Amino acid sequence: MPASSEHPIRVDVKSTYVESQSDPMHGRFVFAYTVTIHNQGQQPAKLISRHWIIHDSNGKVQEVRGEGVVGEQPHLQPGQGFKYTSGAMIETPVGTMQGSYRMVGDDGVEFDAPIPSFTLSVPRVLH
1 MPASSEHPIR VDVKSTYVES QSDPMHGRFV FAYTVTIHNQ GQQPAKLISR HWIIHDSNGK
61 VQEVRGEGVV GEQPHLQPGQ GFKYTSGAMI ETPVGTMQGS YRMVGDDGVE FDAPIPSFTL
121 SVPRVLH
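Here the sequence shown stands for residues 1 to 127, where the numbers follow full-length UniProt numbering.
Since the hints were made in silico from the structure, they are not lab data. Quick caveat: nothing in here was measured; it's all calculated off a predicted structure. It cannot be assumed that every hint is accurate.
[Unchecked claim] List time: in silico DSS-like cross-link candidates among lysine-lysine, alpha-carbon distance up to 25 Å:
| id | residue 1 | residue 2 |
| --- | --- | --- |
| 1 | Lys60 | Lys14 |
| 2 | Lys60 | Lys83 |
| 3 | Lys14 | Lys46 |
| 4 | Lys14 | Lys83 |
[To be verified] Per label pair, the in silico range of CB-to-CB distance:
| id | residue 1 | residue 2 | range |
| --- | --- | --- | --- |
| 5 | Asp107 | Ile53 | 26 to 34 Å |
| 6 | Val109 | Gly79 | 15 to 23 Å |
| 7 | Pro114 | Met25 | 31 to 39 Å |
| 8 | Ile53 | Gln80 | 40 to 48 Å |
| 9 | Gln80 | Asn58 | 33 to 41 Å |
No residue lacks a Cβ here, since even glycine has one placed at the ideal position from N, Cα and C.
Can you build the whole structure from these sequences, using the hints too?
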């Protein structure tokens with residue numbers, strides 16, 4: 001949940017399996033994910049940092065923290081979106097990712113924009 005109604009940030013994610021970079025025989029499954037961040041609030045806000053939690057189906061958990069996304073710290077005006085593509089590697093054909101973006105509004109208030117959980121799955125593994 002956003003910290004207040006002044007800062008509603010919506011995050012949409014779509015993931016795809018990258019067969020050409022994966023090596024299933026050696027437990028390497030690569031996924032690309034495209035994120036769209038929408039500022040649905042009344043205030044401009046800047047993305048400061050990211051926090052990802054990545055689970056594979058063996059129970060292994062990876063946490064990733066860092067500044068910005070793809071080398072940028074986008075500043076989103078009300079109604080504006082920012083889209084980028086990145087990748088993740090796990091050791092099983094199925095996993096999940098979720099997390100949050102640390103944002104700061106032009107009013108100086110910091111808040112977290114949640115990234116809903118989404119599935120990483122090799123095609124035809126889940127029915």
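Each hint tested on the structure:
As the CA atoms of Lys60 and Lys14 are separated by approximately 22 Å, the hinted pair is consistent with the 25 Å bound. A distance of roughly 28 Å separates the Cα atoms of Lys60 and Lys83; the hinted pair therefore is violated under the 25 Å criterion. Restraint check for Lys14 and Lys46: the C-alpha separation of about 22 Å stays at or below 25 Å, so the hint holds. Distance restraint check for Lys14 and Lys83: the Cα-Cα separation of roughly 11 Å lies within the 25 Å cut-off, and the hinted pair is therefore satisfied.
Range check, Asp107 to Ile53: about 28 Å between beta-carbon atoms, so the 26 to 34 Å window is met. Against the hinted window of 15 to 23 Å, the Cβ-Cβ separation of Val109 and Gly79 comes to about 19 Å, which satisfies the hint. At about 36 Å, the beta-carbon gap between Pro114 and Met25 stays in the expected band of 31 to 39 Å. Look at Ile53 against Gln80: about 27 Å separates their beta carbons, and that is not inside 40 to 48 Å.
At about 39 Å, the beta-carbon gap between Gln80 and Asn58 stays in the expected band of 33 to 41 Å.
Hints 2, 8 from the earlier list are contradicted by this structure; the remaining hints agree with it.
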